[in-house]
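Novice: Single-letter residue listing:
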Amino acid sequence: LAKTTQPISMDSYEGQEVNITCSHNNIATNDYITWYQQFPSQGPRFIIQGYKTKVTNEVASLFIPADRKSSTLSLPRVSLSDTAVYYCLVGDYPAYNQGGKLIFGQGTELSVKP
Amino acid sequence: DSGVTQTPKHLITATGQRVTLRCSPRSGDLSVYWYQQSLDQGLQFLIQYYNGEERAKGNILERFSAQQFPDLHSELNLSSLELGDSALYFCASSFGPGEADTQYFGPGTRLTVL
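Sequence order for the protein chains is S and E.
Sequential numbering from 1 applies to the first sequence in this note's numbering.
Sequential numbering from 115 applies to the second sequence in this note's numbering.
Note that these hints are calculated values from the structure, not bench results.
Careful: at least some of the hints might be erroneous.
Unchecked claim - Calculated pairs, DSS-like style, for lysine-lysine (alpha carbon to alpha carbon, straight line, at most 30 Å):
id, chain 1, residue 1, chain 2, residue 2
1, E, Lys123, E, Lys171
2, S, Lys54, S, Lys69
3, S, Lys3, E, Lys171
4, S, Lys54, S, Lys113
5, S, Lys69, E, Lys171
6, S, Lys69, S, Lys52
Using the sequences plus the hints, can you model the full thing?
Specialist: The following block contains the structure:
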């Protein structure tokens, strides 16, 4: 699985747009990029997944440049409740021979202030 | 609410003891995953079952074992417990067996070994 690198922490204020960038220089052709969010003492929650270009859902957008060596999770107009740890994961699909294990890195601890 | 249930929510036991953690996946999901989260190790994948069979194995100790039953619920057995086994144990489920399948995490079981 491709190794990912994210900032350890970020600070923001309510109402701002937050962009968290993840580096994955050795991403493979079949790898997808997935982001999870985790609140303290809760299980991680799927946010968004993409392969290339841009993906948007009701929660976030995911921007992936043409070389796919990085990706950016964009959270529009954050609120205090978006304070959490955000994990970037890269893994191949389908990976039926390897199972579905997710390898979590350190994640980015986002702190949203009033 | 992810639809994944875990029991018990909290468990306090002594070193050398054995405990069983239980997980019920979301309705229709065939895969169950177990993760351990401790302060110093972060989120670590332990093991995956897909439709009753072991699919992938991670950093699971020999003292730990798991199984998935015909009704698809899963149990994680931890024996000869040590202080270092104190952690949050998460169960996740997905429909398919691969890494691109969205995993839905349960609320976790907090294990404290005294």
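Novice: Hints first: check each against the structure and report whether it holds.
Specialist: Hint check:
1. In summary, the hint linking Lys123(E) to Lys171(E) is supported, as the alpha carbons are separated by about 24 Å, within the 30 Å threshold.
2. With a CA separation close to 14 Å, the supplied pair Lys54(S) and Lys69(S) stays within the 30 Å bound.
3. Straight-line distance between C-alpha atoms of Lys3(S) and Lys171(E) comes to about 19 Å, which keeps the hinted pair within the 30 Å bound.
4. The hinted pair formed by Lys54(S) and Lys113(S) meets the criterion: a straight-line CA distance of about 28 Å does not exceed 30 Å.
5. Between Lys69(S) and Lys171(E), the direct Cα distance comes to roughly 28 Å. Compliance with the 30 Å bound is thereby established for this hinted pair.
6. Taking the CA atoms of Lys69(S) and Lys52(S), the gap is near 10 Å; set against the 30 Å cutoff, the hint holds.
When each numbered hint is compared with the structure, no violation occurs for any of them.
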